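Number of protein chains: 2
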Amino acid sequence: MITTKTPVLIRMHDQDNVAVVGNDGGLPAGTEVAPGLTLREGVPQSHKVALVDLAAGDVVRRYNVVIGYAKEALPAGSWVNENRLRLPDAPSLADLPMATAPKPDWAPLAGYTFEGFRNPDGSVGTRNILAISTTVQCVSGVVDFAVKRIKETLLPRYPNVDDVVGIEHTYGCGVAIDAPGAEVPIRTLRHISQNPNFGGEVMVVSLGCEKLQPERLMPPGSIPLTVGTSAAAQPKDNESPWGVLDVVCLQDQQHVGFASMIEHILRQAEQHLKRLNVRQRETVPASELVVGMQCGGSDAFSGITANPVLGFASDLLVRAGATVMFSEVTEVRDGIAQLTARAATPAVAQALINEMDWYDQYLARGGADRSANTTPGNKRGGLSNIVEKAMGSISKSGSAPISGVLSPGARLNGQRGLVYAATPASDFICGTLQLAAGMNVHIFTTGRGTPYGLAACPVIKVATRSDLARRWHDLMDVNAGEIADGKQTIESMGWAMFELLLDVASGRRRTWAEQWQLHNSLALFNPAPVT
Amino acid sequence: MITTKTPVLIRMHDQDNVAVVGNDGGLPAGTEVAPGLTLREGVPQSHKVALVDLAAGDVVRRYNVVIGYAKEALPAGSWVNENRLRLPDAPSLADLPMATAPKPDWAPLAGYTFEGFRNPDGSVGTRNILAISTTVQCVSGVVDFAVKRIKETLLPRYPNVDDVVGIEHTYGCGVAIDAPGAEVPIRTLRHISQNPNFGGEVMVVSLGCEKLQPERLMPPGSIPLTVGTSAAAQPKDNESPWGVLDVVCLQDQQHVGFASMIEHILRQAEQHLKRLNVRQRETVPASELVVGMQCGGSDAFSGITANPVLGFASDLLVRAGATVMFSEVTEVRDGIAQLTARAATPAVAQALINEMDWYDQYLARGGADRSANTTPGNKRGGLSNIVEKAMGSISKSGSAPISGVLSPGARLNGQRGLVYAATPASDFICGTLQLAAGMNVHIFTTGRGTPYGLAACPVIKVATRSDLARRWHDLMDVNAGEIADGKQTIESMGWAMFELLLDVASGRRRTWAEQWQLHNSLALFNPAPVT
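These protein sequence lines map, in sequence, to chains E and H.
The first sequence begins at 1 in the working numbering and counts up by one.
The second sequence begins at 1 in the working numbering and counts up by one.
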């Protein structure tokens, strides 16, 4: 723990003209923070101090990036905050460096494994969950009722199944389902049902009259399994029906009364539970990890401690042949030149540009731009604007080449290595889209603190500061604040994170969100209108 | 029950050149449906039959309204369906009749009462519910955990309180909170917490760093009640604190560990439960009803049976001095001239036009228009397009003058009588916005069938057809199909509906959705982008 007795300023690059106060509780006016540099005013923890005299209009540089322009004269020792900085224009999407960065000459990382559930399509689950998909919000009350009943009466008989989860959402009807952008929520729902943690047991509850008809949720090539299918065509017990869609339609004539709907759902659910129950964990290479990385409730420590740890772990995962996704368009937009340079090929660089351009237009249509990102808490945590926030956010991605780009709601299709999954920065929309992409473990870093959790996938939560980790001791799985405290290095914590991922994926370690069953609802990204 | 032995065609107006098949199961080709009129092909129940020879391009008229143009020659006895009709253009918003319709000369309806919970602000609740509002989705997992614990450990000690409900949503952060349109979800959340069924006990769980800071959810003039408020300033037991905002902020320094968050929420919740528990039902006039009307999963019977019943009941409610809301912009857009004519004043007519215009532009920005409304189920149920659907939908509004207009998320502010609450047609968004407006009883009509339910307010569900009412006997509260069966008239069922509303409002009768606790999530209308 850093106390005010030892003033600590953290500078990210030797070209920077600001540095961040590391001390818990901040530092008072008059503190000599470096030889010849005295604070002219009190500066809170994780906030910036001018290291030199800045005139009005001067560039302010952190991470060796122009994060803004001084709105007024800021003599050395001044507090540099959001009210004193002007936001730079967003970088142009023209004339960017395309796949120009040298490729790292890394040795593959062999011999790391975890215990996972291998699926018929080759993917690997880290949990064994029955997911009941829904086509439309109308059925949610019924599905909630059924899931509760399944957990009470059926699940105890299938002890190898971890959970039963309703894939509920507010889409499916009352929406402009043929408008531009509507394919995003539709493919998201289709792909979530194929998440590796659900073992290929695709079961859908439909209303009947809704716009999102169940066929639109079918994986390509799958066989519709409807009521009355002959016994021969039904998948046998213990036979995984990857590619079979099992639909319970509430408006079917066969349903007489609420009880018959619930019984039908339970009957179908039990078929899936039987098959899921015979799944066994087996040793698989670390390359089967599909890690989704995200940050939320960020502060200026996010880019100093937790996100660089994720970046280091990400490089290890890439070397081990695994897949790592980073996301959040508005939180990489200001670093697009770094990303296009790091693209593995010019085509990947172009795909990155296309996603930025699409999102710029999406925001402009709604009268907004990237500056709508950053929250009151981000600012209190020292992040003055979206440029500074983005530089910290991008550090999650480490230094590997970017090998692929996914549009919102798209599913990984053979891509490995570091993948940019384009999503909004909204925590729950991002998590939902990463689930659709095929994520089997989630890492979430936070400086201000959030009890984020998902039902479908384990979430490892990483605190950026020791103060948060101490207070939220039973919500934060990892304290990256130990780096600022001098107890750990980014390298040592990066390795620990890599090992922790293997433990969590194997079910040897349960995260705090799993322990408390903190399950936030899914949140679909629907860029199209509602009707 | 109508059998195929007695062919029944239902014509809405003597100028109509189509009529609807009333018989369960439809009618086969060759049936003589009227003297000299024989079906040229089989026509399903609730679908239209050409009564005369129609040439390609001829107008097709139902409800004495042009619902489309024949795409091809349709000789008398042909099946007129969505594939054979061309959609008319949307009516212009210029040169509309402004408050021109004669006002009905009704006697007031006196002496009707119900048993309700009178609130300090004068509104009346029909249920006694503790609502725990949330500023942001991040806290939902924690609130779910706390609500479950409250129901298990506290609620049994306060038997006069009906339920504890988390007001959860996907808004609050990761959104462009200053973009045009963002005021819609924000005021919706603010107003929902003031719903009469929550007794003025406004309790909020906040994260701390989110964009939607708790102050933005405060009713104007309310007193913030934060941790550490002196005991004197705290509302006393049994003293209703209408206008006091009680915030539990998870990121507060005082919280050490998950248990302390849960304990804090329970401690605050118990203060509210104590006050809610002393509320007593008292006899109040029927004028305190605030009825939200909606239809969903509609068919061609919606405009023949259930919605006209609601229209009749609506007129009774207006005569009794109550408030009735109808909604769903795309489902009145084609009847705008009827509505502006029925406006009580030209200002109300102009407000109607403004809401239509705003929604036209909202849809156009997203590349859609009103034709995006109508679902596969609507069409299977005989509704060929949005014009035909709208004519049935509007019939819910009866014949009273329209006395007021609410923008999405706005709250009733003294308006009485028939109010148009502008909302999307999406069932759950519409219900959420009607809750925000101040609804204390909800009526929902359906032809295809939906298990719709809300946690915050009783929902009376009305089937348009006897077949649905028979099959869903424990989900549908009223069978308006008896009108088509000749067992009831619109007038007799309208009176029964009025009486049922008083019974449900009084808690003497619980709806099926309450019985099964079918609680769909709230769905906010956010016309602004996410970030």
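Calculated directly from the structure, the hints in this document are not laboratory data.
Check the hints yourself; a few may be wrong.
It does not matter which identical chain is used: a pair holds within one copy or between any two.
Pairs of lysine to any residue residues, derived as SDA-like cross-links and limited to a Cα-Cα distance of at most 20 Å, are as follows [stated by the list, open to error]:
no.	residue 1	residue 2
1	148	516
2	148	517
3	148	165
4	379	252
5	379	26
6	151	516
7	379	253
Predicted model only: the values in this text are computed from it and were never measured.
Quick rundown of the hints versus the structure:
For the homomeric pair residue 148 and residue 516, the shortest alpha-carbon distances inside one copy (17 Å) and between copies (12 Å) are both at most 20 Å. Taking the shortest Cα distances, residue 148 and residue 517 sit within 20 Å of each other both inside one copy (14 Å) and across copies (12 Å). Taking identical chains as interchangeable, the C-alpha atoms of residue 148 and residue 165 lie at most 20 Å apart whether they share a chain (10 Å) or sit on different chains (17 Å). Within a single copy, residue 379 and residue 252 get their C-alpha atoms only as close as 53 Å, which misses the 20 Å cut-off; across copies the closest is 16 Å, which meets it.
Only within a single protomer do residue 379 and residue 26 lie at most 20 Å apart by alpha-carbon distance; the minimum there is 15 Å, versus 64 Å between protomers. Proximity of residue 151 and residue 516 under a CA criterion of 20 Å is satisfied in both settings, with 17 Å inside one chain copy and 17 Å between copies. In this homomeric assembly, residue 379 and residue 253 come within 20 Å of each other (Cα to Cα) only across copies, at 18 Å, whereas the closest approach inside a single copy is 56 Å.
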